[in-house]
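Q: This is what each chain is made of:
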Amino acid sequence: MTDAVDLPIHLTPLTDAHRDLGARLIEFGGWLMPVQYNSIIEEHRTVRERVGLFDLSHMGELYVEGPESDAALNAALVSEPASLAAWRAQYSMICAPDGGVIDDLIVYRLGETRFLVVANASNAAVVSDALAERLDGFRAVLDDRSLATGLLAVQGPRSVEVMTPLTDVDLGALRYYAATEGTVAGIPALIARTGYTGEDGFEVFVDTAHTQALWDDLLDAVRGAGGGPIGLGARDTLRLEAGMPLYGNELDRKTNPYEAGLGRVVKLGKEGEFVGRAALEKVARDGPARRLVGLIVEGRGIARHGHPVWSGDRRTGFVTSGTQSPTLGVPIAMAYVAPADAEPGTVVDVEIRDARVPARVVTLPFYRREA
Amino acid sequence: MVPTDLRYTKDHEWVRVEGDAATIGITAYAADQLGDIVFVELPDAGRLLDQFAAFGVVESVKAVSDLFAPVAGEVTEANPELGRTPELVNSDPFGAGWMVKVRLTDQAQVDGLLDAEAYDALIAAG
Chain R
159 MTDAVDLPIH LTPLTDAHRD LGARLIEFGG WLMPVQYNSI IEEHRTVRER VGLFDLSHMG
219 ELYVEGPESD AALNAALVSE PASLAAWRAQ YSMICAPDGG VIDDLIVYRL GETRFLVVAN
279 ASNAAVVSDA LAERLDGFRA VLDDRSLATG LLAVQGPRSV EVMTPLTDVD LGALRYYAAT
339 EGTVAGIPAL IARTGYTGED GFEVFVDTAH TQALWDDLLD AVRGAGGGPI GLGARDTLRL
399 EAGMPLYGNE LDRKTNPYEA GLGRVVKLGK EGEFVGRAAL EKVARDGPAR RLVGLIVEGR
459 GIARHGHPVW SGDRRTGFVT SGTQSPTLGV PIAMAYVAPA DAEPGTVVDV EIRDARVPAR
519 VVTLPFYRRE A
Chain D
143 MVPTDLRYTK DHEWVRVEGD AATIGITAYA ADQLGDIVFV ELPDAGRLLD QFAAFGVVES
203 VKAVSDLFAP VAGEVTEANP ELGRTPELVN SDPFGAGWMV KVRLTDQAQV DGLLDAEAYD
263 ALIAAG
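So the sequence lines, in the order shown, correspond to chains R and D.
Mapping of the first sequence onto our numbering: position 43 corresponds to residue 201, and the numbering continues sequentially without gaps.
Mapping of the second sequence onto our numbering: position 4 corresponds to residue 146, and the numbering continues sequentially without gaps.
Calculated from the structure, these hints are not laboratory results.
Each hint can be trusted.
Simulated crosslink set (SDA-like; lysine to any residue; CA at most 25 Å straight-line): (1) K243(D) - D262(D); (2) K428(R) - R272(R); (3) K204(D) - R203(R); (4) K204(D) - W468(R); (5) K204(D) - E456(R); (6) K243(D) - A513(R); (7) K204(D) - I184(R); (8) K204(D) - G187(R).
Only some residues are given here: those of chain D computed to face chain R with a beta carbon under 7 Å: (9) G177; (10) D178; (11) V180.
Between beta-carbon pairs, the in silico distance windows are: (12) M143(D) - V505(R): 42 to 52 Å; (13) A513(R) - D248(D): 25 to 35 Å; (14) D378(R) - Q175(D): 24 to 34 Å; (15) D253(D) - R177(R): 39 to 49 Å; (16) D208(D) - G457(R): 16 to 26 Å; (17) G457(R) - A205(D): 19 to 29 Å; (18) D208(D) - R518(R): 22 to 32 Å.
Fair warning: this is a prediction, and the values are worked out from it, not measured in the lab.
For each residue, glycine too, the CB sits at the ideal point set by N, CA and C.
Isolated chain R, as found in the complex:
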């Protein structure tokens, strides 16, 4: 099942553990990763209803440090990291001068002069290079610790129950999009209340030397709460239901944040120059040429990445991601369409093989957990 690739494939510290658990392993973003341990649908439901454990050690961890690290990141990214309070996080993007998205990121502020930028595995090297270049002239340095850092995520309504006995951190005080240093299973870690599933949960960054020990203890605890390990297959269906973009599907170099419905991330009001500002100001002024929407397929068939979307006889766009929603029990998709077709309630057709199948534009996300 694994496609041949030319580049060497990175292994996380848990490759053997995944194999022992019966995982199906695939190449993803240059890493050998578990796509599923058993059933994607079962794993999806486990996270929605109880709790799951993810190996996300493929993600890129880029530390930016120095007295001007805040100003440097303000200039490098479209968001405003300098406005972050210490130990808080924000969703961000790094754009090219033309406004195209190089990657979407989470930026954590780890004190006054230190930040952690988490990049997608497939883009980690490109982001690392771009950041290094953009820090030039600022009193800030980049420390790419992607290969030295393990990342595990505990996600689902029972995440607090799983983590509480294992950590010295007061999880009740750790808000969504906040982070803190502490220990988990006795291992020093950075613990963040972030995720990519639409559920409550935590992401735990550790030194690769400790990834295996942390995995073992967290897996025991997760299983004790009725959960189990979760592969990238369910991670994809979970994030899709939660309306979260996946780089390479909803986001790429030819897409700007406004098209993706992420204009709120771009802080045009911040002081100073930043890469992409002029192009993004123009998009903000003129409006995007296309918009990302949610679709619920109302006929028979599943919309998939690349399927054309039609409005009558006019090709209005294409599907970026699609699957059968395990939670809703209907086919869902995200797609780019012309702004005129982006209003919720609009009916379009998705071209699925030889057929045109009706689909309704809906407001994202498809799934929102109860507060």
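Model the placement of chain D on the given structure of chain R, informed by the hints.
A: Coordinates of chain D only, in the frame set by chain R:
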């Protein structure tokens, strides 16, 4: 060991022949490789299938795969249960998860297919 009363293809379809009637499905190995099957697209009764030509589609959560006809024939019935419960293909691939029934046009084609022993050897070889 797969059922010994069926014949198989390298594409992991099976066929059960009773007189000139043949029932077609995908093997347990194929269903397992695909994962959770969430959609099956099958031809209507009356469609003529060519041997080894694509006749339908099976979709799992992650992937889309074509179905190939092990034998030529005219479709007499598509499994009506798979519209509502495509997961039958995972839970009972050699039974309730059957795909189509056809009237054979060339009985001799069946003899060219793999028997259970040969198919087992194929999947054992990966």
